[in-house]
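Place chain U on chain E using the hints.
Residue numbers (my numbering), protein chains in the order written: chain E, 1 to 243; chain U, 1001 to 1477.
Check each hint, because a few of them may be wrong.
What the hints assert, rightly or not - Dumping the calculated DSS-like pairs for lysine-lysine here, alpha-carbon to alpha-carbon at most 30 angstroms: (1) E:K222 x E:K151; (2) E:K222 x U:K1449; (3) E:K151 x U:K1060; (4) U:K1064 x U:K1095; (5) E:K122 x E:K151; (6) U:K1176 x U:K1195; (7) U:K1176 x U:K1161; (8) U:K1078 x U:K1095; (9) U:K1173 x U:K1195; (10) U:K1457 x E:K222; (11) U:K1064 x U:K1036; (12) U:K1173 x E:K102.
Stated by the list, open to error - Which residues of chain E face chain U? A few of them, derived with a C-beta cut under 7 angstroms, are: (13) C42; (14) A47; (15) F178.
As the list claims (entries may be wrong) - Stretch-level coverage of chain U by chain E, calculated; a stretch enters the list once three of its residues show a Cβ under 8 angstroms from a Cβ in chain E: (16) 1427-1434; (17) 1453-1461.
Read the hints as simulated data drawn from the structure, not as lab findings.
This structure is a prediction, so every number in the text was calculated from the model and none was measured.
Heads up, the beta-carbon is just placed ideally off N, CA and C, and yes, glycines get one too.
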Amino acid sequence: MREVYFYATCLVDLFFPDAGMAGIELLQSAGVRVIFPRGQTCCGQPAFNCGYWEQARAVALSQLALFPRDLPVVLPSGSCAGMMKVHYPELFLGQPQEAEAKALAGRVFELTQFLVDQLDLKLEDLGEPVRVTLHASCHAQRDQGVLDQPKALLRQLANVDLVPLARERECCGFGGIFAVREPGLSEAMARDKTEDARASGAALVLSTDGGCLMNIGGTLEKQGFGPTTMHIAQFLRERTRVR
Amino acid sequence: MSAEMEIDFLASSTRALADPQLRRNFRRAMDGLMAKRAAMFPDPAEWTRLRALGAAIRAKNLLKLPELLERLEKNLTKNGITVHWASTTAQASQKVLELLEARGAKAVVKGKSMVSEEMGLNHFLEAHGIESLESDLGEYIIQLDGEMPSHIIMPAIHKNKDQIARTFSQKIKDAKYTEEVDELTAMARAVLRQKFLDADAGLSGVNFAVADTGTLCLVENEGNGRMSTHVPPLHIALMGLEKVVERMEEVAPLYSLLTRSATGQAISTYFNLISGPRGGGEQDGPREVHLVILDNGRSRIYQDEELRATLACIRCGACMNHCPVYTRIGGHAYEAVYPGPIGSILTPQVAGVGLRHELPHASSLCGACAEVCPVAIPITHLLIRLRREASHRLSGSTVLGAGEARSKLEDLVWSVWGWVLGHPAAYRFSSWCATRFWRLLPANAPVLKAWTLSRNKPRAAGRSLQERARGRGLPHV
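Extracted from the complex, chain E is given alone in its bound form:
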């Protein structure tokens, strides 16, 4: 039986637990034994991005120890996966944990990436017809190489009409601390993204990342009209079964 570690990420833990649970159930229904290590907090990315590496390292250090066995680590977030895969080796460069960080980086997967590339998951659509669009998270696509995998899963669903955003690959303006440090710029980017989403005609905006969803969803809600947002794991779990 295949086994994986599931890393919740702080945003999913606190704001999108349904998406996290959906990710776990998708893996389980594909016959994977999901291990949920205790002691999870955050990957450390906010401090890393802001230049506070000592503090980021203190947090990352506590997380490095959670995955002792040589198993894949699956995250319902391309951004946090990118932090572990690309930036842990930078953060621990020249530190005693350098080798450990590099070894971990080699077995980190974003959820849809694992479902498609490792499990070749086949889904059967049980839901009503719906038009959806996908926002490609920057770190998922650029750090983790995840763009085709979520689309591949959605295209398996007979009743789901996947329409593209006009600026599919452009940042939504979240950027973690950027959203509150440069609120005007972030708002301008988010507003364009929501206009793009409305123009797509989709009823739902899906994403692999909670940060983007919180930003796009929060903006749409404040505007008071337009599509709703959902994490792709939750969308897939609610309307499919594994074939």
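Relative to the frame of chain E, chain U by itself:
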């Protein structure tokens, strides 16, 4: 880049965001440039290969930079081009002035040069009674309006044709108002043509300086570069010391990467190879050619092996064209000679990371810039590095102004954050409180206030995923 004031990027970007015409002009122009570039690199494998080659050439040339600069000087001298070195922009401007005054020059025409913008050369020469006229169409337009370039390749890209029509009708003598692009271009051409013939000297930038052959390469589309460097009796070229390449064959891939990335052209309309003044028996060309090589902080950047990558830049501007921040505010909001992502890593290193500490934060770290950089400068990585440098004194740091933007409040916030998230029990307690009491947190609480300016407050879960996972009895080992 010489201004020694702390800039308020938040204020300048807010002003830019409030200008809908500016937003439309940039969005339209950048969309066009992105599409043109994409059409030039249809084959990902070819792009990957060419970019790796370009990056390797630039890295090798930077590694050998001190030696190559000496070789360049030797071979330029052999070709009859006089080399001058300037540590600061003030020294460079003074050198140009001396060369002009010694020959009684009263009027110069300029091809496009970002180094001359660093020097503030036009104002300097005008203050010394020398007319300095920009001959690149975009530069000419903004010179008429007394503005700075808003883009390193397309300096007047912040204006649309109606705005240019107004400028021309107001600023060019006897000009009629027209919005026809061909007529506007012809008006500028009529002014400039006579200026080329009358000028006492021509100034230009340099795209690549070839060490082995002592050749200055100049990439341009309007022919003004050739006119500026060939018609007047004196040609003074200006370059940053990082522009040297070792061999002529290294220019071809860099040139291809440059034009395809910058304007989506397979090749530029003009490519000038300048290898010396007019030779005996030749009918044209300048009598004298001089090259001023400017440091202005570059040798300091060079000392740091990681930050050195900043100097690999070939000034294509693709990072700005693809930057979601630049696209929305344009170049002027950065209040720096080099705007956009490359400027956000270059300017703080030249002016001081304490004075310009906001620039590395002018990014959501989306990575679009690094993705399209034709010489693979890890821009996002360097943005983070400079954020570190601004708030810390890293051991062995050679960065100007390192640690000057340290904030006690930020130190405290990150220390508390690090302690809580570094201790799982503390995180569990905090998350338990957060999930239970989140709704009591007012939307105008610190941090949340900035978030809720344009977004609804996020809804925390009643029970965290960790609590649910334990409830489900998921294995933890």
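Compare the distance between the alpha carbons of K151 of chain E and K1060 of chain U with 30 angstroms, and conclude whether the hinted pair is satisfied. violated, 40 angstroms
Verify the proposed pairing of K222 of chain E with K151 of chain E, using a straight-line Cα cut of 30 angstroms. Judged against 30 angstroms, a Cα distance of about 28 angstroms means the pair holds.
Take the C-alpha atoms of K1176 of chain U and K1161 of chain U, compute the straight-line distance between them, and say whether it is at most 30 angstroms. This hinted pair holds, its Cα atoms lying about 14 angstroms apart.
Interface hint compliance - F178 of chain E to chain U, C-beta minimum distance less than 7 angstroms: Holds, about 5 angstroms.
Check the hint pairing K1078 of chain U with K1095 of chain U against an upper bound of 30 angstroms on the C-alpha distance. Satisfied, since the Cα-Cα distance of roughly 21 angstroms is no more than 30 angstroms.
Once the shortest beta carbon distance from A47 of chain E to chain U is found, is it less than 7 angstroms? holds, 5 angstroms
Satisfaction of hint between K1095 of chain U and K1064 of chain U, Cα-Cα up to 30 angstroms: The given pair, whose Cα atoms are some 27 angstroms apart, holds under the 30 angstroms limit.
Status of the hint placing C42 of chain E at chain U (closest C-beta pair under 7 angstroms): holds, 5 angstroms
Between K1457 of chain U and K222 of chain E, is the straight-line Cα distance small enough, at 30 angstroms or below? Holds - the C-alpha atoms of K222 of chain E and K1457 of chain U are around 9 angstroms apart, at most 30 angstroms.
Does the segment 1427-1434 of chain U contain three or more residues whose Cβ lies closer than 8 angstroms to a Cβ of chain E? holds (count 3)
Quick one, are K1173 of chain U and K102 of chain E close enough, alpha carbons at most 30 angstroms? With Cα atoms ~67 angstroms apart, K1173 of chain U and K102 of chain E exceed 30 angstroms; violated.
Are K1064 of chain U and K1036 of chain U close enough, with their CA atoms no more than 30 angstroms apart? Violated. K1064 of chain U to K1036 of chain U sits at ~34 angstroms, over the 30 angstroms cutoff.
Violated hints, in rising order: 3, 11 and 12; the structure is consistent with all others.
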